[in-house]
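For chain X, the structure is supplied; the task is to place chain A on it using the hints.
Chains X and A, in that order, are what the protein sequence lines are.
Residue numbers are given in the numbering used here: position 83 of the first sequence equals residue 91, and the series is strictly consecutive.
Residue numbers are given in the numbering used here: position 476 of the second sequence equals residue 495, and the series is strictly consecutive.
Some chain X residues flagged as far from chain A (calculated, every beta-carbon gap over 12 Å):
#: 1; residue: 42
#: 2; residue: 96
#: 3; residue: 144
In silico lysine-lysine, DSBU-like type, Cα no more than 35 Å apart, as pairs:
#: 4; chain 1: A; residue 1: 524; chain 2: A; residue 2: 486
#: 5; chain 1: A; residue 1: 953; chain 2: X; residue 2: 80
#: 6; chain 1: X; residue 1: 40; chain 2: A; residue 2: 918
Honestly, the hints are just simulated from the structure, not real lab data.
The beta-carbon is built from N, C-alpha and C at its ideal position, and this holds for glycine as well.
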Amino acid sequence: MEDDEMPIEVLLVEDSPGDVRLTQEAFRDSGKPVRLHLAADGIEAMAFLRREGIYANAPRPDLILLDLNLPKMDGREVLALIKKDQDLKIIPTIILTTSDDEADVMISYQLQANCYLRKPAHWDAFDSLVRSINAFWLTRAKLPQQMQNV
Amino acid sequence: MKAGTVSSRTIQLAVGSAIAVLLFAAAFSYRSIAASSESNPWVQHTWEVMDDLRDTTIGMATISSSIRRFVITGEESDLEPYHAARSEVERLTPVLRNATLDNPEQQRRLSILEKLAADRIERAELIIALRRNQGIEAAMKSVREGPTVRVTAEYQAVVLELRNEEERLLTLRNAVAAANVRHTEIILLVGTLLGLFITGAAGWSVYRDNFRRWLAEQALQESERRYRMLVNGVKDYAIVMLGPLGEIRSWNPGAERMSGCRFEEVADQNFSRFFPPEDIASGKPREMLGIAAANGEYEEQGTRLRNDGTRYQVHASYAASRDQAGNLRGFSVISRDLTESSESGAKYRGLMEAAPDAMVVVNQSGEIVLLNVQAEKQFGYRRDELLGQKVTNIIPEGFAERLIADDLRSAEDALAQQIGTGIELNALRKDGSEFPIEIMLSPLQSPEGTLVTAAIRDISVRKAAEKVLAQMEGKYRGLMEAAPDAMVVVNQGGEIVLLNVQAEKQFGYRRDELLGQRVTNIIPQGFAERLVADDLRSAEDALAQEIGTGIELNALRKDGSEFPIEIMLSPLESAEGMLITAAIRDISVRRNAAKVLAQMEGKYRGLLEAAPDAMVVVNQGGEIVLLNFQAEKQFGYRRDELLGQKVTNIIPEGFAERLVADDLRSAEDALAQEIGTGIELTGLRKDGSEFPIELMLSPLESTEGTLITAAIRDIAVRRNAEKHLAQMEGKYRGLLEAAPDAMVVVNQRGEIVLLNLQAEKQFGYRRNELLGQRVTNIIPQGFAERLIADGLRSAEDALAQQIGTGIELSGRRKDRTEFPIELMLSPLGGAEGILVTAAIRDISVRNAAEAHLLHKVEELNRSNEELGQFAYIASHDLQEPLRMVASYTQLLSRRYAGKLDSDADDFIAYAVDGATRMQRLIQDLLAYSRIGTKGKDLLNTSSEDALRHALSNLRGAIEESGALVTHDPLPEVLADEMQLIQLFQNLVGNAIKYQNPGIPKIHVAALNGGKQYRFSVQDNGLGIDPQYFERIFGMFQRLHKREEFAGTGIGLAICKKIVERHGGQISVESQPGVGSTFRFALTGSNRK
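Next up, chain A with everything else stripped away, as it sits in the complex:
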């Protein structure tokens, strides 16, 4: 109650003070706010003043501007602003006065302002009058000369002062207001905090009180609990809690036992019921309580009654317990049964009760004098059912006989024989069931003589375990015997306690020769030392060090021969202590194998190191167990950096996954899938760079299981080459397809490996009908034979013979038609060896053309020949008769000139003439025809030489006529020399012949026209009428009579034919009476 009072008082106090504080704060705030609100009107006021001041300024300005305007315009309407401003200013001035009444300075300033304003207005009026009455000049003059500007400036200055003052005042007032507000704030804040603080403190103290009280309660509860535990735990003592009047509130099991009652039977009853009647009658119990209550505690020794009426002595301690108020709550009574006469008895009893085993104390007569609760439990009896009974009730046989004194020996002797040994017997429960027990005996001296304490242990479990163990031992023995290895079991002393038949065989001993012998007989060194406990370590430790490891030692047969063994140890618990089972394996074979393996490993290592490729051996776990020098180089690691590492460090993907056994397949299967194939993956170097690799895998058996050897080849170069090749292939394909000719690529076996679209077209096949087919399908003969390697020459040689030549063969289309083709071959290096590319051209058209050409040429030749013959015939056979005629008529004329009449002379003359002309005609005709038939090839000819030659032929005519022939330097041309001479001769000859009176002048020139030269033969002769320009080049065309000029008229025809034969054209320009110029072109010599 006290605590609660304290708390509530505190709270009251706290609440009261908080309220007080808050009130106080509120009061202050109110005052501050009130104060601050006062200042607001002031602000308002100041602004108004400012506005008014501004308005007056504006007014003054308006006045000035209005006046000025009026001065200029003279319009009355322009004065309106002036009037308005004036009245405004006049209005504002008293207003301002009122507003600043409290400020003398301001008032003074305002007076000045008034004055200035009045002055200004006066002046304004003056100016207005001037303007109205005297005109603009006067007004302007007045304006200019007036003090207007000064006035205005002064005015503005004053206004400014006023404004500043007002502002200052305002600032001041604002500051005051702000200060007020701040005060208010502070007070409010402080007040609130204070209030909160008080509340908090109060609450805190209340809380703390409560907390402490709670803790105290907890402690109390705890101690009560412990106390109860203790109380209950104590069995030897009766601990009873009584109420103030002795009513039994609670007690412990000890009390139960002592009194023989259960708690329910005695609860709330007075404890005096346990007192003897005489004590109850004398009021002793109550008396004792009273003393206890008075003194707080009381001890007494007295008599009590058990439930069964038996009396017993107790020693009791009473303690009064009071509550905090000091009121008597009750008593706690601790009583001790004094029935046991000695301390050791009591102790003993305690121990007995506490013992885990059943304990039975038997006297010399075989009667149970004492037993503990465990015995009750084990045998299913209550204590009182066994006390005083013969022990044979519970242990029918084996116990009592051993112990009873008989004629043969005294009890002590009998006992002495048995003490210490665990005797296995059978026990009998109350319900008649038997169970195996083991008893341990020990003597117990008592006033009644030697008692025997038997500790009885239920060994049914143990028996069962022993049975199982025996079974297991049997099994174990069986296993041991069946084991393929020699098995030897050795005890702590290093003696062989067990061995199997294999051990007999291996060591060559019989079993009984080894049992009990020291193991050093068969394993001289290395075994016994390892296992025996010594000062340094215990047996278990010694053993623990060896368990599981295969230890290689030397063993000794009966015949003295040694052989290498490997032992594997395992411990074996037994009743005799720790035994060691050793499995002994003869490893002589293995040693050899190991040696051989080591050799092979050595060889293998050698191979590994020497391998040109990187080699890496990987175990089932994907770890690198072996690698060679090349691998170090390729991946840029040191060997020790890779050994033991996961292979995924160097081959991130594609290797480990393929090889690790998983649920789907075993390692061997996984491996089998990969053996032999070259797998392309990516390798990762130490520096992080990647490079393409090809793996070839092969399995490797080892003691650690299947290992995988991977040969790793860097195929970066190959990849590049492949890429390059692919590119080239791509290009090549492109070229192939685009080729105008059919292209076919053939391999060493004569099979078509590639072809293009043109080939498809030409042969009439689809591409896939030809690919892989023998080329003889489309080119039956002549191709394959030329190219295939045979015993006589290699493919390269065969090919080399054919390269470059165009071979004419026959191609066969799909429809079996054949057509002539021309092949051009070229070799092509490919991955599959030398291939031959054949460009196939269909030459049927060409052949036909050639044939046609040949035919035509033949015809031409024939016709030429005919013509030649004709010409020959013409020249001969025609000329013969003519010659006769001409000759004889001439002979006649000679012989008979003058001897015949003049008519005859005339007649003869005509005849001769005719004949002569005829001859000439024929000769000219012959000459004309020969230009073509007897024409020679055009060769490099000096046209100058040709001209000279011609002139030389015309020597006679030139001399006779006195003609002057000149020429420019003439070039070398492609010409038939004879014909060129003829040409010049005809042209120059004509020029001389068809002359004007006077000196014939002839000039020959040649103009360079690039490839051709334009020749000209110019004369000053008779000239030609333009209408005949064409005709004169015709055969036998003459423009003059025979009497005037000789000639058959074939000269120019010949010239034309010659020029045309030389690939040119001949033309003439002429002016009758002036002269003519004959032009023709000849190809220049190709010898530059």
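Looking at chain X on its own, in the form it has when it is part of the complex:
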């Protein structure tokens, strides 16, 4: 219940507003105290993670949901950067993308994504997927303790 008191910070890196809304709706239905942060492209995502600029006070996310096909900086790059960074690499990063291309899967795992999920086409499935994420990553899995920047 301690976890429940503290909201779970999830960074969603997604460029499609539609998909953003869906994700939001799905998380809302999950019932967990999840605070969804948004980054529309890779640059923003890195800025958020590095607490640069307007994101100076951004919290460190407990989970990153990362789409691969992003403008400006591609999700793969972001993944690579995250996993290179000493501080950031401990954050579980889940690839959430429409692509089921084997190559993409391989690259993602090679870049040390924690998990690769394919966005379902239907809402029901989507909803169910988010619930699974909740159930697994946010309930069952132990996440490393975050040190809040002062």
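What follows is chain A alone, placed relative to chain X:
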């Protein structure tokens, strides 16, 4: 005459008896012939009888056959032969009787015959009657029962007897006739022979008589001839033939001389003319002849008259000669002149006359008292012209002085001084010409005192010869002096009589120190002994043994040093007897040379023996003078069998001809032509087998002239190898020409030694333009460098590095255009070293093809890539908006279900549905496109595993429908596993989906079709209308409404694409309402 009478009488007798004999013989012959001619009619007769007998037999037979026929036919016409035969038989019987009248036996037989014939005819008549009257039966019966056969047989028997008898008679008569003939022949023969014999004997005796007479005549002639010779030969005696009355018929030269007359003057005159007149008057000559005639011979001594009137005494013998009849033919008179008082005088005279030399007898006063005919001839005088003359007439000086007694000495003494010596003087002929003579004197005692007989010899010839000899001696001396060798002339006593300057030098003596000395002074041993005549042999013989041979001896110089010499001897006739000329050669140098030569010969022999080839040395005459061991072996002879033999024995042709000097060239030239060249010839072994040889010749100087050394090598193996090589070359050439690729053979220096037609074509050259050229002309770079031996590696190594690899280079045609080639090299051992064979292939086409292929592949790859990209894009970018639509509409439906009106629900539902379908379509499209772009290589795949996998994927559908899926054992195939699973999944899934009510039953099978397996997926589903069999494999083709069955209609299109990618075809058989069977083929696994 007697002989002739005898002969003619003999002849008469002979002729007479011959005629008598012949007549006698003729008479006998006539008689015999007459006798024999009698017998001829008999022969004739016998034959006639025989014929007649035969005819009767035939007649009888005809009768029988005719009757029989008539019996059968009953035709009267068939009786005609019978009638004819009957009358014939009846006719012949008396004829036969007549013919044999003289023979009772025959007559008897004939009677029997008659009877038999009559019987037969009677019976015949009977039978005829029977037939005519009672018919065939009766007649036949009669025939059968009758004695016909017996009768006929009897008849024939009798006939036979008759015939035999006649034959016997005939034989008898023939014998008699023959005997007669023989008699005749014998008599004729005997008679003729006798006649001939008599004639021959007569002739023979006549001939013999004649022959004997001829012989006697010959003998007579011979004796006459001899007699005449004798008569003529006798000079001391006058032999005269007189006729019966004393007429001089013939006489001899002696008579001529004695009388002083020539025969012509006295022929046919009476011999009394030589008598003194008083004798003639007293008739003494005639008286003497008479006595001689009466007694046969008579001797008397009397006086005769010479022609010049001088009287001389003779002693004469008379012999009367008579002919065979005893008539006096004449007398032969032999008279001897008794003028010389003593026998010795007469003898002497005879001798004188007979002497070959002129003989003159001179008295103390120097007058010629006697001379002979030769003296007459030599001096050209007649005897009477010289007799009594001073001898100085003929020998002006030197003779008379010597002989005349003078105050200083007596004649005998004077003579004694001269006797025996040959004195050369000059003589004077009648015609005043002088000539040299030699006189030999001898005393002659006579009543008138000592006479001197001088034998005078004309020595003009001899003088001339002596002059020539003197000249020759001069020349000879000159030669001797000039001779390079020492020349020494030695006499019989072994003394040096002559020597030349060389001899002086060689021996170190002065001439006068050697002349007259014994030759042993300079040649101690070996010369004198050889030459002196001794008891064992004469000088000539001794000399003859040594002439011509070079004798090696030791000579002694004045200073005592010895040196080896060789002497050659030759005889020399001289007035002093046989001399020996010795040519003396100092051979010390030669000895050394000989020693050296012997050494060299030794070495040479050693070399010869050791030589690996057969070596044979041949002289100018083509004879083998030397050979080595190898030669013995090669030719199969022993050394001694070849030495001295003609080289043609072992090399029949080609050697001797080349080397023998002939009119065209000398031996040296001949040889020079052959030195150094290897001449190929044929050698002949002892066993007659031939083998090919190669000769190498070289000259060899020797004491016997130029010899030729021939090294003989057996090249049979080489020939074979050459032949083999030539064959191989031939084969190789054939291969070369036939090769489809250009072939070029290159030698160590990079020159083209061989090429084929293809090479000519490819490079555009003619063959002879390339042969011998450097290969860099056609392959500028990359070939020659690779192959040539250089300081770093040998040719073999260079080549070894290249063998087998296909080297891509550039070739250059004649027109300077280049084209890509590929070389394949292989080595080729040749006589000239390692050659390289290069197969050259024009790969421009290939290159172009390759380039084209590459290009196409690139295009394909590019297009594939594009397609892949497209698919990717399609999947992503298309799906994104769709997802939005679908998701939100669904969210809507969830959120606001029931909160909106039912229309809104419907609308939302349609929207969702549409979106959903759209998504599926896109996904299917993507899947379809990926079959090609993401297809993997076909590997060995277990189709059974693939099916199981597919079934596992369909687990849900299978459980739900309760479908029963079975399969046969499925093979391993070459396939992309994922796609195979997809294939099975689609087909089985379809089968489950399009099911009939009830349990869907699906069976998967695979039939082995050799390389491929024919798979089948059979179901009991709805089935398909045949008109759609093609369409269902099209993209998005559906046969059912969406409400009935889900699906986009791409499943079978995917199946088709997968199967096609695997190299097969997919088809369907179906019966609507029953089921469908989908068939496709896959290649079996290559791992068997």
